[in-house]
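Chains as they are written, first to last, in the working numbering: chain A, 1 to 271; chain B, 1 to 385.
I should point out that these hints are in silico values taken from the structure, not numbers from a laboratory. Just so you know, not all the hints are guaranteed correct.
[What the hints assert, rightly or not] Incomplete in silico selection of chain B near chain A, CB under 8 Å:
hint : residue
1    : Leu46
2    : Glu229
3    : Gln230
4    : Asp348
5    : Ala359
6    : Phe360
7    : Gln362
Note that the Cβ used here is the ideal one computed from N, Cα and C, for glycine as well.
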Amino acid sequence: MIRPDAPVLLEIRDLHASVENQPILKGVNLCIRAGEIHAVMGRNGSGKSTLSKVLAGHPAYTVTAGSVLYKGEDLLSLDPEQRSRIGLFLGFQYPVEIPGVSNLEFLRVATNARRGQRGEEELDTFAFEDLVRDRLSVVQMDPAFLDRSVNEGFSGGEKKRNEILQMALLEPVVAILDETDSGLDIDALRIVASGVNQLSSVDNATLLITHYQRLLDLITPDAVHVMAAGRILRSGGKELALELERSGYDWVDAELARLDAEGERQPLEVA
Amino acid sequence: MVAAPAVQAAAAGSTAASLAWLADLAGAPLPTRRQEDWRFTDLSSLAAIPAGVAAPAADQRGDPWAELSLPAGVTRLAGAAAEAQLGTALAVSGCQQHWPVLLNAGARPALLALKVEGDAGTLELPLPAPAGEGVVAWRLLLVLEPGARLDLLQVPAPAPAQRQLLSLVSEVVLGEGARLQLGCLAQGHNQAALFHHLAVRQASGSELQATLVSSGWVLARHEPRVVQEQGAARTRLLGLQRVDGRELADTHSFVRFDGPEGELDQLHKAVADGSGRSVFNGAVQVPRLAQRTNAAQLSRTLLLSDRARIDTKPELEIVADDVKCAHGATVSQLQSEELFYLRSRGIDSTTAAGLLQRAFCQEVLRELPAGALRHDPMTALLGAA
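So here's chain A without its partners, still in its complex pose:
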């Protein structure tokens, strides 16, 4: 829901970033207000996943220019763990398997780190079990997955449900979901999308990174952005995603070539 007077939660200004000295992001601008759901679309290699990792603070990525403000504060100076504790969440495209670390213990330590930041008391094992069993319903997850190692041997769908379960426990202010729809069958997709919809409110915001319209059939975005060559090439409403579904990304090359010819690097607003 777009409300022009809603507070700005995340403001990305002219963000440049590189990995192993290879520039990937080349001037991303994006402003997200409370209550909004944004979708970033684009082909492989356009920089979508890099954007999500840079926002979460992955140490392999170096920010070379630009700024990111989270509720008006400098986000980029914070460690990944601090970003999580103040309410930034990254749902991983490929959730990491950690053999030997109990999923339940992991979820509890993570939840308590966030609660500590909010001035809430830490939950002991028993109190946490009550909370987690309540939140399992958000993603219709089998409690048996709590007793296993983090993501170990989980199917693609189970891993993504586990990501949304973490989101339900951490109650982030800004959630970035990196290709949460990839590798999901339609039932799992519905469950994950329903989880995201349940968790979204007027006080938080969601940034969906996706290739496909099918996720956006289930989660209606307030804004859609198309990324190419490390920046946002076009922004629009939900109809932009539908247009992409019809006509594909071929126009992107033509537009990039035209911009290069003009030396023009500003995103175009689509009416």
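Let chain A serve as the given structure and place chain B on it in line with the hints.
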């Protein structure tokens, strides 16, 4: 500066002098690093241990095990019955003349010989060293009759703040279809060293699981040696050693199949921090008669410091042609993607690294007999979380 070589020579001379009593006790000179089996294992740290033998406390008849209560099915072996078996596992596995075994014999060890029949449940064998400095020696003989079962937990422990060399020689004879789950939880301290030989004879159809865990010793050397005398038995060897500071831990394992269709599943793990040094050598012999042997060995090391050192070596001698023998070794640091995943959930990097180390160790610790939990092996290994 000119005097430096002379000073070094004098230091080396005094080390040799302060080790001479150990050679006398064993009746054989100490191994040197010129011997292949001791190439990475420097024994000079033993020079800090004062000459002497500290005998375990005993009752009036000289029996240090008088207080030990044995589960039903476990009885003491004595006299000719014990003599007939004593030394056979050492001989079969070819380590009678190993220096740590000679040292153990020279130190007149406290001997415990047990026979196990039927399903004997669990036996915990605390091996607390007495106060007093020098060598403390135990020798165990365990004979499992055909079909017998036992879970055995050994907990050798040095006396606090005493400069001690603990010597443990265990012999196990497994009858047909017998099953032993053995755990050795050896937590040392910074003035103590440990030599541990475990020699096992396995009859066909028997199952051995041996889980050896050690940390905190200035020097620890484990030599599990297993012979499947007719093949067709199952052997599972698990090891976990952690070194920090200037500690050294060494596991030299040996498994031989003297018959067909034997199985070995071996996992050795090491965590090396500080300037610690970890050594693993895994010998597996599959002679011609051991057709259809199925053996797998994996060595995994977590290297946490750029000053720590790892030497790991599989040593497979395979003559039989119809066998499966897999081996592998990995040395890694904490995985950066795992760390980032944990940090992205608000878990600080120290806690995240601790969780990953615990996970690495847990794979072996969970294989210890159930009674080991009481000793909180994870905290012993890694300190409080």
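Against chain A, run the beta carbon of leucine 46 of chain B and see if the smallest gap drops under 8 Å.
-> violated (35 Å)
Please verify that hint: phenylalanine 360 of chain B, Cβ, nearest Cβ of chain A, below 8 Å or not.
-> Status holds, d = 7 Å.
Measuring from the C-beta of aspartate 348 of chain B to each C-beta in chain A, is the shortest one below 8 Å?
-> This interface hint holds because 5 Å falls under the 8 Å limit.
Interface hint for alanine 359 of chain B, Cβ within 8 Å of any Cβ on chain A | holds (3 Å)
Classify the hint on glutamine 362 of chain B as holds or violated, based on whether any CB of chain A lies nearer than 8 Å to its CB.
-> holds (5 Å)
Are glutamine 230 of chain B and chain A close enough, Cβ to Cβ, to be under 8 Å, as the hint says?
-> Since the shortest Cβ distance to chain A is 36 Å, the answer is violated.
Restraint check, 8 Å cut-off on beta carbons, for glutamate 229 of chain B near chain A = With a closest approach of 36 Å, the glutamate 229 of chain B hint is violated.
Of the numbered hints given earlier, the model fails hints 1, 2 and 3; all others are met.
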